[in-house]
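Number of protein chains: 2
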Amino acid sequence: MKKFQPYPGTRDFYPNEMFLRNWFFEKQREVCRNYGYEEYSAPILEYTDLYRSKSSEEIVNEQLYTFIDRGNREVSIRPEMTPTLARMIANRDQSYVPPLRWFSIANFMRYERPGKGRLREFYQLNVDLIGSNTVYSDVEILSVAMDILKSYGANEDQFIVRFSHRALLDLWLGLTDKEKLRKIGRIIDKKEKITQEEFDKELKSICEDKEIKAIYNFFQLRLESYQDLLKDIEPKSRDQISDILNQLSQMVKYLSVNHNPKNLIFDPTIVRGFDYYTGLIFEIYDTHPENRRAIFGGGRYDNLIGQFSKESLPAIGFGMGDVTLEAFLKNHRLIPEISTKQGFYFTLFDENLYSEYLKITHLLRKNHLPVEISLSRPKKLGKEFELAEKKGYQFCLILGEDELKKQVIKVKDLTTGKETELPLEETKFIDGVYSLMQGYNKRS
Amino acid sequence: MKKFQPYPGTRDFYPNEMFLRNWFFEKQREVCRNYGYEEYSAPILEYTDLYRSKSSEEIVNEQLYTFIDRGNREVSIRPEMTPTLARMIANRDQSYVPPLRWFSIANFMRYERPGKGRLREFYQLNVDLIGSNTVYSDVEILSVAMDILKSYGANEDQFIVRFSHRALLDLWLGLTDKEKLRKIGRIIDKKEKITQEEFDKELKSICEDKEIKAIYNFFQLRLESYQDLLKDIEPKSRDQISDILNQLSQMVKYLSVNHNPKNLIFDPTIVRGFDYYTGLIFEIYDTHPENRRAIFGGGRYDNLIGQFSKESLPAIGFGMGDVTLEAFLKNHRLIPEISTKQGFYFTLFDENLYSEYLKITHLLRKNHLPVEISLSRPKKLGKEFELAEKKGYQFCLILGEDELKKQVIKVKDLTTGKETELPLEETKFIDGVYSLMQGYNKRS
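Just so you know, the protein sequences line up as chains B and S, in that order.
The numbers in the working numbering rise by one with no breaks, and the one at position 157 of the first sequence is 157.
The numbers in the working numbering rise by one with no breaks, and the one at position 88 of the second sequence is 88.
Any given hint could be a false lead.
[What the hints assert, rightly or not] Derived pair list, reagent style DSSO-like, types lysine-lysine, alpha-carbon separation capped at 30 Å:
1. B:Lys-3 x S:Lys-310
2. B:Lys-330 x B:Lys-310
3. S:Lys-390 x B:Lys-310
4. B:Lys-310 x S:Lys-253
5. S:Lys-418 x S:Lys-405
6. S:Lys-379 x B:Lys-253
7. B:Lys-253 x S:Lys-406
8. B:Lys-253 x S:Lys-410
9. B:Lys-380 x S:Lys-418
[Said to hold, decoys possible] DEER-style ranges, computed between Cβ atoms:
10. B:Lys-330 x S:Arg-333: 46 to 52 Å
11. S:Glu-356 x B:Lys-262: 21 to 27 Å
12. S:Ser-256 x B:Gly-439: 33 to 39 Å
13. S:Lys-379 x B:Asn-217: 50 to 56 Å
14. B:Asn-217 x S:Asp-413: 53 to 59 Å
15. B:Pro-235 x S:Lys-406: 18 to 24 Å
16. B:Thr-416 x S:Asn-61: 39 to 45 Å
17. S:Thr-287 x B:Glu-26: 32 to 38 Å
18. S:Asp-413 x B:Ser-242: 43 to 49 Å
19. S:Ser-249 x B:Asp-93: 51 to 57 Å
[As the list claims (entries may be wrong)] Just a sample of chain B residues kept apart from chain S, beta carbon distances all over 12 Å, derived:
20. Asn-22
21. Arg-92
22. Asp-209
23. Phe-219
24. Lys-236
25. Lys-262
26. Thr-278
27. Leu-369
28. Glu-419
29. Leu-424
30. Ile-430
Just so you know, the hints here were simulated from the structure itself, not pulled from any lab data.
Glycine included, every Cβ here is placed at the ideal spot set by N, Cα and C.
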């Protein structure tokens, strides 16, 4: 006998955990479909080359589950969806006409040190709008993201959206050295996690004083007041920066129609890790004092799909991971009560009547009423009722010779203890069952 | 630019394929829940040792996707669910009291030569009843299996259940050499795929003439008439065989309450590949002349869980793969029409009114009415209507300055071309929308 544990950093989903996972996913599906998004899915395994060209170096070199298959192909378990999505868009048939609104819910693996909010296998919703670079698509993607959180019962005090635009820092610093710019981006990305001294020290190691001053100026940028800050910027870049900030203001205006504008915070320190972003970037933060961290994020990536096909298509999207989402919902007590069982529990009161029981369960199921039938005769009915209640059932069905002679069935309401006799005749039985359930639903 | 293909033997699920996959899975979930089964899930990766002890040699040596992770652990992508299920049952907490009715829908990988009905990544429903070895649990598992096929619209002429019992051949031949018995089992398993001569030749290579005669006698076994055939069998085995056949007859009697007995065929040539089966084994066959093959199968495995924990638990279950299921449904024209889009298409008729459009879409979505809003102004309304119809929408919404002044919105029914004006006031608008949709649903 050997006890096996799950692989470190992965989870077994027992029925209680699976109930929650299904609840997370169903809400996501509902909101996405309400916006006209269509679900897609893809293999768990891809050629490693797909990630070599598109994913971050950190993912490819340190986190990929990569191996050689029995046919000598270099393959990897997917660490993210975007490269697969780009591949599928490039290979799609003509019936899929952009703009395409697509979403998927899938598992991913990354070799990380498992810890709070970080696992090796996680699930992620990916929502993408492909083929439009209008402000309307930016507005839509952010609306979907916020509406999903609201669909779980979150209110607008519990999260905020921080956003920026990927091109702003480039234009602001006017650097031609893209590698240096990327390094600066990485330092800014860490700003919240390190001290002021550490931050300055890291900047000084690669920047001139003039550049550091410009970076600090950059942090002062606000959508409402930026003209004064622009005076040191080259005229050409100045116009581009103004255009971007105006577009972001317009986005905020439209988002404010259905969302609280207080939740929408322009934040020039937002830098997303992936290199493929080109426009709007955003992160959604928990406002809970013990969890001031990004729940999820996304952005615009207008050049990625063009690298996979002749056709260049702008795109914007986000990924929402289940681990940080669950932490957010737990912080705000938004997790629903778990109920994995519904309907009726049928006691095996008299084994000679088993065929009758089968007929009745068939009738209930035909009417979409779940029923679990016991597999052994109960020694004591009282214990059986306790078991059924523990399993989460509301009603117990009992049929003995006496009831069969009278052509009735006994229904015991396990919450009140009340017993009702219902006629066995099909229509009357089903009507009776529905009216008992309505009474129960009203009460609970 | 490089075009990437999916890894051989795996599938991209574009929205149309995903619509079908979701349809397959939703029916399976519905039937399982109607029987009181709870959903679970598990990691895609397991320690390879888990399969070494439990899966067939063919799977472990030839089909596993196995590799060493970055932490020097030997791991595999799961090729089947049962070992994981046994592991989870052994590790479960006390709140899960047997009998347990569990199901899962998950993807698996096996390194097979991709071909008709065989892929390297496939999805499979696993349904298991753990902790009962009564005939009632055998009846229930087979009922779930048949009800799932019926839930897709299949009738009882389109499939048959062939069943047997794993212990019958052992008792019949009275062999102490388990390895020889296993070999005989494998030859019988191939019987339908090879010629009579090949079959005899393979048997002769390992069996004595007496044994071959016994095997041919064994094939004559029927539930209704077996006494004569038993005369050559040892008395002790004879009683056990009679018991088993009586139990199978009882199972057929109970199954016949809600299913056609013609569909239930005792077939002593049924041998399931996995070594862990101990009792009832069954395979469900397509009756379509061009596809006389097993769609799926399962059986009882009473000793497996005891190998993972101190506690021994009987169990029975089946796995239903999506590839063979889809072939079955296609053969019988049971695949539904694909419709990935529902609800309304909102034209961006006047960009100045975009904020109004956002208010209206919000109202619809709040009432669970899906709406997709266009991302650019249509050059010609006619083209826009064509696009919306091509996407599968039934209704188009149009709002211009004129309508806004009158506080109405235009709804165009794309199937009839009929236009209706609805008041913008919330309650009246939603009521109007519902009544338009009801009219549509009646018509279609």
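- Query: Which of the listed hints are not met by the structure?
  - Reply: Going through the list in order, the structure violates hints 2, 4, 9, 13, 15, 16, 20, 21 and 27 and respects the others.
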